[in-house]
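Q: Chains as they are written, first to last, in the working numbering: chain A, 27 to 901; chain B, 27 to 901.
Be aware that one or more of the hints could be misleading.
Each pair may be met inside one copy or between any two copies, as identical chains are not told apart.
[What the hints assert, rightly or not] Below are the DSBU-like pairs computed for lysine-lysine, each with C-alpha atoms no more than 35 Å apart in a straight line:
| no. | residue 1 | residue 2 |
| --- | --- | --- |
| 1 | 849 | 623 |
| 2 | 30 | 514 |
| 3 | 598 | 568 |
| 4 | 736 | 842 |
| 5 | 719 | 623 |
| 6 | 837 | 870 |
| 7 | 474 | 673 |
| 8 | 500 | 673 |
Hint data in this document are derived by calculation from the structure and do not stem from the laboratory.
There are 2 protein chains.
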Amino acid sequence: MSIKYVYMFKEGNATMRNLLGGKGANLAEMTNMGIPVPNGFIVTTEACTLYNSLGKKLTDDIKKQIDACIVQLEASSGKKFGDPNNPLLVSVRSGARASMPGMMNTVLNLGMSDAAVSGLAKLAGDRFAYDSYRRFIMMYSDVVIGVDKHSFERAIDKYKEGKDYNSDEDMTADDWKAISEQFKKIYRDDQGKDFTTDAREQLYGAITAVFDSWNTERAFAYRRMHDIPYEWGTAVNIQEMVYGNMGATSGTGVVFTRDPASGANRIYGEYLMDAQGEDVVAGVRTPKDFLELEKDSPACYKEFVEISTKLEKHYKYVQDMEFTIENGKLHILQTRNGKCTAQAALQFAIDFVKEGILTEAEAIQTVDARALDQLLHPMFDPAALKAGKVLGEALAASPGAAAGKVYFEAKDAIAAKERGERVILVRMETSPDDILGMEVSQGILTAKGGNTSHAAVVARAMGTCCVSGCEAIKFGNGTFTLGGETIKEGDYISLDGSTGKVYMGDIPTVPAEIAGNFGTFMGWVEKVKGAMAVRANADSPKDALKALEFGATGIGLTRTEHMFFDADRIPKMRKMILSDTEAERRAALDELLPFQKKDFIGIYEVMKDLPVTIRLLDPPLHEFMPTDEATFVALAKDMGKTVEQVKDTANSLHELNPMMGHRGCRLAVSYPEIAQMQTRAIIEAAIEVKKSKGYDIKPEIMIPLVGDVKETRFVKEIIEKVAKELVAAAGVELSYQIGTMIEIPRACLIADDIAGVSEFFSFGTNDLTQMTYGLSRDDAGRILKDYMDNVIYEGDPTARLDQTGVGQLMKIAIEKGRKTNPKLKIGICGEHGGEPSSIGFCHKVGLDYVSCSPFRVPIARLAAAQSALTGDKFD
Amino acid sequence: MSIKYVYMFKEGNATMRNLLGGKGANLAEMTNMGIPVPNGFIVTTEACTLYNSLGKKLTDDIKKQIDACIVQLEASSGKKFGDPNNPLLVSVRSGARASMPGMMNTVLNLGMSDAAVSGLAKLAGDRFAYDSYRRFIMMYSDVVIGVDKHSFERAIDKYKEGKDYNSDEDMTADDWKAISEQFKKIYRDDQGKDFTTDAREQLYGAITAVFDSWNTERAFAYRRMHDIPYEWGTAVNIQEMVYGNMGATSGTGVVFTRDPASGANRIYGEYLMDAQGEDVVAGVRTPKDFLELEKDSPACYKEFVEISTKLEKHYKYVQDMEFTIENGKLHILQTRNGKCTAQAALQFAIDFVKEGILTEAEAIQTVDARALDQLLHPMFDPAALKAGKVLGEALAASPGAAAGKVYFEAKDAIAAKERGERVILVRMETSPDDILGMEVSQGILTAKGGNTSHAAVVARAMGTCCVSGCEAIKFGNGTFTLGGETIKEGDYISLDGSTGKVYMGDIPTVPAEIAGNFGTFMGWVEKVKGAMAVRANADSPKDALKALEFGATGIGLTRTEHMFFDADRIPKMRKMILSDTEAERRAALDELLPFQKKDFIGIYEVMKDLPVTIRLLDPPLHEFMPTDEATFVALAKDMGKTVEQVKDTANSLHELNPMMGHRGCRLAVSYPEIAQMQTRAIIEAAIEVKKSKGYDIKPEIMIPLVGDVKETRFVKEIIEKVAKELVAAAGVELSYQIGTMIEIPRACLIADDIAGVSEFFSFGTNDLTQMTYGLSRDDAGRILKDYMDNVIYEGDPTARLDQTGVGQLMKIAIEKGRKTNPKLKIGICGEHGGEPSSIGFCHKVGLDYVSCSPFRVPIARLAAAQSALTGDKFD
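Chain A with its partners taken away, still in its complex shape (with noise of 0.2 Å):
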């Protein structure tokens, strides 16, 4: 038997979806369910499939299917296409699984030939016919069959022109027929055979050109950005054509069943009488508020409301509805899901559950969790952004929005802020050393870098506004040119980190307003039993109280070394570094100890009784090392060396590929003192605070990067050691724990052994994504260009987790190391950690805690939660 390629409205239904595409399995539902809908039938996503596959060919099966469904809808219309009396016309529309703006346009009145136009001028007049005639060649020329639209455009200006017209209402019935005819040659000319007037073989191109668009770079584009894979292909939807442009008491609207943007419980839209679809949207005559209707057309609008209304209860959402009223009939033309503000979709689901319609754990489930971002950062004014000129896009590394003076120097933009300025710190990409610049910044622009470079993972950390990879920026002295623009170091310039747009000069921006509905929202998101917890990762006491603010039950992940940067701190540890025996070492790590422990201390006093991770030194040791002569003239003074000395030193830390270099607990095996001297901080901190203030602190010590069970055993028993000592000495009970990060593939493959010294794993997906791929996030930024725009890659793997290759590692260490040790506690600390569909899956594979930045935690309980209410769990 065939597969089924092509379905009437009657046959489908709501849940087909992936099959029939959004618009068409709505069009079907509807029409199910007795919403007046023209009548149409719908040509698969695996008909595009199948079309794609087989090097863009319309199948015989398909076309005789398509056949079947015109004859079904002649006889339900009675029309019939090319009828000289009774014509049938329709449109055509792709609709994809998801939304897709960059698809195809409409194709409408297809099945227009010199006989149908004289029947549709029977029932409609001549010059309604002939004016949708011209229409129709245009837009079939021009969207099906690429003919450059400039060409018809112009022959109707020069026909206006040798008639002195002044508008197309001066047009006749007659001017439209020559000009239908002149069209016809305009074609001919150009495609050197005739417009065809078979309706059939215009179908059949309307199709094809539905599939194509699949293919251009506007979709692959739009794809990318939405993670839609290629191979979900679109639908096309052909729908008995209806007119709102038949005379008064007929009319065309778009509405929302609810604001979009505020929230508010009101039909929200516009409608023009005696007009088609797309002069609603084309702003020639101003379009009517919706509610205006109800005096213009009071059946219609009442029916629209009753349908409105049924159809929010029927999807439980807000509906996006196109609607045709002709001759005082209405026709619902379309409903889907409204898209909306995020701000708004918290309004809906508080009022759904409020009206019953949802519970409130279905409410849970209409909030996109990535749109929370948006409710958490700072915005821009949207009337002052109109005004902004853009000067570049790039990539939206951490989401807000800044205004700020541009410094290229992390030490200028300190300066500078301590002048009171607001700062935008702009950099080739950043380091370390970039940190404190980082800190006192507005927001933060690189030309080089990914979503997981680490200006993007800082920023994000840091809540703080971040466009990356901004390629196209040249540095001059002391400036940089963007979009045709020099900027002066001092100019202002603004920067979105939502979209990735940078701006000249300085918008206005509107803080984040957490309002009432956020605070119910979350309430109910934390009422859902067997959520994953989540918990933030934060390097000192404000992002712990952030985290907290936000919801977080514990830290997932403390990098201690973001606290060797300050100032005061650094040159003790590029002595460590830099010298040459254990016993200078130890010598400088005891001046480091003091700085570290009230690092925890802080911490721990914010935290009391939640669990607090805090990961031993990981970065390679050269990324402490200046870079600057006169900074390494004071250091070999400070320590008694020639500045030869102390560089050959420096140089010496230099590695090919420092990713996989000496770092991780490679360091603790080289210097234990450092994971000494670490353990000590923690330990002493957690006594004291635990001594002074009576809190239940619970470390938990991690230990980076281990691949190897003897090498995870060697570091824990330096840790344990110390710890032992220093808990014995104090004479109190404390709980801490000693763990690993999972996060390079050889720890996955042995986890049953590491599970055995280890009590708990936490996933860092970051590395492991690199390293299972192979590929430096880095470097990446050309590979991923290219691979997107060849359409191998459908996203970026380091922002999104890799189920299948990287899923599947982290599947077989949970599988592993529970097996050695039941009671492993299993999270992820990666930046994956905040990504709702990553989320998703570690919920799947049974993670105990995801951790990520705090201004994130928010979107992750709301991802976990609705993974929790899904309820599937691989085995």
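Based on the hints, put chain B in the right spot on chain A.
A: Just chain B now, kept in the frame of chain A:
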């Protein structure tokens, strides 16, 4: 029931080597064969492991088991510990599973005390007894307790001075008695307590000393060098003393049952009458050739010859034996398989087969595959080598011996070679830029880089001697210093790539001789059915010829990038890389095409009907960039660009982690035209040779660094399109294949998908190991050192395949790959393909072939045959 930790000799046998150690198992075996072995017992390796894991504690249980064996030994000998009439005296020797020269010295005469010495005096005279006593005190104090033995030696010297004696011969029984008393005083002064005369306490002390000697730096170093796991532990052998120094009818000797250097079939060794074992090796008296024993002690001679023949037949290998004759009675103290040169090992194999002791298949198992290397490379003249001054020692990266004048730059090396000089290239590290300089060199010495650094890998492929990672080298201006000497450019040094030693001066070498035995032996190897195929990695016709000569049955890896470094090609390559447009790039590629084609024609003509796997361009493009100003200037001129422009483009290729950057098939995605050119060269060359010579050329086009199935398909389609067109146009049948390197972890995890579009897999275990470990081989030097010093790693995973982690990924890939594509051909072309234990693993997991550098082909063939003979396969 408690575990048995102590075995009497009669309770063991040769198969219990892991538990009883090599020496102990053989003593047990001989005991049960009825060979005259002094009785004794063995404390097991498991006791050692327990001792170590308990923090160096000998449990009461083990002590009890030892005591029980002492009782048995007393019963069988009729002697008693500490008996003043007939004292039991024992030797205590270490005995690990593998021979470990780094271990504890033997303790003789244990059980000695004031009481026992009087008993011994009754049996062997006062002088013998007290001489033995003082020897024991010194030996025990030194070896077991750690008292400085010079104190004892000084005491004897002083005593002899006082007595005006010239030598030990002058010492009387009373003198030795007095010395014994002095020795006990020295011990007491040093240790603050009396020398123990309790035989059991002495024994426990000696046993723990043996265990402790497993933990010395020497032992660690030896194990590291020989890949012996720490967990094996050592056993301890306790054996009744016999004396070769009891007079004219006593004696002792050390022999091989055949000549271990030449392989000649004659008993080879030395003995001394009236002497102890140490006298034979000490060189004070000149020992006699074993054959003279026939005159000195005809009965013992005859008995020994019979025993040696019996043992050779029993163990089916040449034996390394120790014997003692006590008052005319022969005792065998040890037998073990003899260590011998590769040449001798071959001779034994040939002779044992002739003598019917071994089958050919058994003989194949007797030759250590690694040792074959010795036969394939030049060696230093042993006489001349003794006079050489060692400057330093580093990694034995590529075997062979070489001497030549030092040059620091590839171009200087080339110039010197052209002047007819022999050259040693000395570099910080090498890069592809140095290839031509490496080719003209006799040997290569680098200061940085491990066993799989660029220098090491390329040198092994070339069969050129290389010592790498010699970190002690300090470079000066046209000089380097090492081992306190400063070597100038043009000075001679000599390198031993088999030991890693660097010598001063020009040490003569002797060429390798592939004698007739080698051919016979490899003939047997060839006959082993079911062995994996062995291919070679070869980048030139010269390499390919060498590969064929050594018995390769195909090329498993041709690296196309090496072909681009010739002086007449590199400028074109650079132009290609620095092109701004695809058109520019295509023009440069057109210029490279004829060169690349010529390379392939050369290789095909050598390999004829055998398969040749050619890998598409793999390294990051910046590796091809010049580093000197002049070349940039010339390049800019040639390309009609400014120097700035060219440098900007070159700089933009810089990557932070190039190993995980824009390389491998990622280049083919970004620049399909490169893959197209290479495919054209591969296929056109194949068609031409097929047409002109009639060979059935079998090119296998290999896509490197794949990690995604769409990526694989994308590149495959580029290749396939070009290949199909060329083959169709030529009108020939060409059986080419398209396959993938499997070298990044994700490729293993999704191998089922990749196998759907691949005809073969070739594991690139160099990169796979690096990424699975997250460890860059270029940066691993310091890390590996620290890891081996701390017994975290036993060996270098880049040299010896990590079967636990990397091997697990390989098994996943094989299983998944064959599931999708049962005909999938799977090989390995990483460095591990020439390492015997890794080859064994490859056989077990069912690989179709291994590929290695030509010089390792015989090793790989032998290792493959050995694996096939043991026949163990997974599932």
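Q: 35 Å Cα cut-off: does residue 598 pair with residue 568 within a copy, between copies, both or neither?
A: within (24 Å within a copy, 57 Å between copies)
Q: Check residue 474 against residue 673 for me: Cα-Cα at most 35 Å, and say if that holds within a copy, between copies, both or neither.
A: both (28 Å within a copy, 18 Å between copies)
Q: For the identical chains here, do residue 30 and residue 514 meet the 35 Å Cα criterion within one copy, between copies, both, or neither?
A: neither (63 Å within a copy, 82 Å between copies)
Q: With 35 Å as the alpha-carbon cut-off, assign the pair residue 719 and residue 623 to within, between, both or neither.
A: Result: close within a single copy only, 16 Å intra versus 77 Å inter.
Q: When no copy is named, should residue 837 and residue 870 be tagged within, between, both, or neither for a Cα gap of at most 35 Å?
A: So residue 837 and residue 870 pass the 35 Å test inside a copy (10 Å) and across (26 Å) alike.
Q: With 35 Å as the alpha-carbon cut-off, assign the pair residue 500 and residue 673 to within, between, both or neither.
A: Both. Shortest intra-copy (31 Å) and inter-copy (15 Å) distances satisfy the 35 Å Cα cut-off.
Q: Are the CA atoms of residue 736 and residue 842 at most 35 Å apart within a copy, between copies, both, or neither?
A: both (17 Å within a copy, 30 Å between copies)
Q: Should residue 849 paired with residue 623 be assigned to within, between, both, or neither, using CA atoms and 35 Å as the limit?
A: within (30 Å within a copy, 61 Å between copies)
Of the numbered hints stated above, the single one contradicted by the structure is hint 2.
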